[in-house]
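> The chain contents come next:
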Amino acid sequence: MTTPRIVDAHMHLGAPGTLFTFGWELADILRLMDRLGIDRAYSMHHNWLAGHCEEARTASLEAFEKSGGRLPFLAVHNPNEENESLHAMNACLGHEGFIGIKIHPSFHGLSADDERYESIWDYATEHRLPILSHTWSETYNPVQKLSQPMLFEKYIASYPRVAFVMGHCGGPGAGRGQAIHLAQKYPNVYLDIAGDIFSLGLVPELVQAVGAHKVLFGSDMPWIDPRARLGAVLLANLDDTAKTQILGQNAMHVFEPRLVAGERLC
Amino acid sequence: MWLSEMEAELRKQAQALNLFDASSWLGRTTALPLMDEGTPELLGRVHKESFIRGALVSHWRAGQDCSQESNRLLLRQIADRDNWYATLSLQPLLPVDPDSPASPKWVWPTKVRAVRVFPSSFQYPLVDWCVGSLCEMLIERRLPLFVLHTETTFQDLYALASRYPKLRIVIESQTRKILYHMRAVLPLMKACPNIHLETSNLCAQGMVEYIVKNLGADRLIFGTFAPANDPIVPLGMLLQADISQADKLAIAGDNMRRLIAKVQR
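Protein chains in written order, with my numbering: chain U, 1 to 266; chain Z, 1 to 265.
Treat each hint with caution, since some may be false.
[To be verified] If you want a taste of the chain Z side facing chain U, the calculated C-beta under 10 Å gives, among others:
1) Met1
2) Arg11
3) Ala14
4) Leu34
5) Lys177
6) Arg183
7) Ser200
8) Cys203
9) Phe225
10) Ala228
11) Asp230
12) Pro234
13) Leu235
14) Asp242
Hints listed in this document are in silico derivations from the structure and should not be mistaken for laboratory results. Being a predicted model, the structure only gives us computed values, none of them experimental. Yeah, the Cβ is synthetic: ideal placement off N, Cα and C, and Gly gets one too.
With the rest of the complex left out, here is chain Z:
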């Protein structure tokens, strides 16, 4: 009896959070050998079972071989999903790739609400002289920039966020333990108010409460890393967090919705 009541209460609370996932993925990655192929059908089912009502969706091919092909696949696969938006994978604007926003033929796809870069995988540094023009373009279009913490250094993130205070940067807590790096992440967030942290792997004890209390709930962005990871993990962290309901709602989706609402289309 106690168990059914506990579960029912959690489900009720989860329904009320109006979850928006900033980290849903299609395709698969060799970095996570046990994961199932992220198909739109699987992702849709996972969202439904996890109370998720909207998502920023990415494609794994972006970080592995070809960002252009990844973007095409992604846009095709999410085209008929109302509440799914694309996180496009982009490169520095110089040199100009054929399929780059710097190309005269480029048209911004309507579903794009965020951009991700993979500096380490594509072998360039996340520094001003390399990605500055891209950052300026993102600021102009008010697109947030996503970066996996494994793809760059905290020093580079600090320099970039300081140089472009109007650029919203979301540090993603995957694909390895970000809990080892909290002594860098927390001062970085304190120093740079334009840096946010995605929560799919933010699992160190008490960290949600600590960040809300010391930096503010507006700095956390709910993400799941589904379908490689189980949305139950970040959801469980949020549902049982010792923070106000308003802060839970902000983290669960309001913060991200606010960021992407400003995107110039």
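Bound conformation, chain U alone:
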């Protein structure tokens, strides 16, 4: 296999709940990836977030196979339903498509520093898996305060061997400053640009603050169209080396080190 160049490190498979978006079915996703030159995308199935673990596991494995391995996946851990989450995750161990763990404190209604998250950080250490979490700023939506970046610090500091990706780089407000602070302070923290974080000059700002080696391209499709994020990297005022890292190398370094020279970080 040729080394992928563009890797979307944050997307979802399955119907996006109450939301209407166009083209979320697997064939549509693959068609869009082909059109935009996205070689691989890391999926977190909506059904997994919603707690339908077995259904989501089956769909994720199927998508991995049908896509010819272009859609590796993260298993979602919900501490409120720990047994089911871990059961599904255990069933994925050893499969080449299983590349990491997703947590979502806001969606699951549990603060990111809650002690019930400890087991998954242990699990990630034991199985050498990276964790990607939804992170956001405190906003009009009250559940977002559960995912403020600083809440993750106790686990980040205690589990230095777990590579941790802050999804949405802390969101559109004060969370971004917190996310940058943590990525500067801890070698195992990375930031992805997925979602509707559309502020002026975001990507160069992150690169200047934490270095290009810590920033990952992600889309959050089908919520957010990948074109809303891809242009932000392709047209950013950055050199090609930085863009190459952001568009794919960093994601592979964190989630699929077998595809690039180097060892898995955790």
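Dock chain Z against chain U, hints included.
Then chain Z, alone, in the frame of chain U:
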């Protein structure tokens, strides 16, 4: 090499779009704490870097405290910019504010090409009995009406657009996610041909193609929400959209230019 080629191609295509931004802003808003102050200098630089050749410009003070003061500031700050036009902030014509188009002393400033209302912020409903006379004035002058989707309800927009079919209404996709509301926005646009949608936050997957295919490219108006947001976002959506070049040109600027070309001065 592949990256340089890809970037060069996108830049070439962006140049060819002849972009006109329907949503540029001066000042700043507390709703977006990380944004830099929108000065004319910053906005001019952002336009230049983003291939934007003209813009409808607004001022943030309009939605926060005083629309009259906002309009004065706006007109002063864009006075010497050839391709910048004002989106004035107005209130219902009754009661008559001292600085209102209903006042005998009122003179329409020459740079005005659109009007925005903030019903929620100024605590009135966007309904006929309250804004009807304003709508009639806008129709007479052929001025399009801009409304942030967070400032009203889709029910009120439907009733107003139906009551005034000659009024061109541009729904703005800010300041919160409009993607949550597409099950209302799309039927609303289908029902009301005089409603257009601004694109700065139109980021749900495949939505540009969906609207072009099902409603027509003439319904979309390119906007950036700069300098709070990065024009690269709506530009990237448009550049890589799976639609014809003619449709891209329409969305990029031709639709808005056509609307404001009809404004009575």
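> Which hints, by number, does the structure contradict?
none
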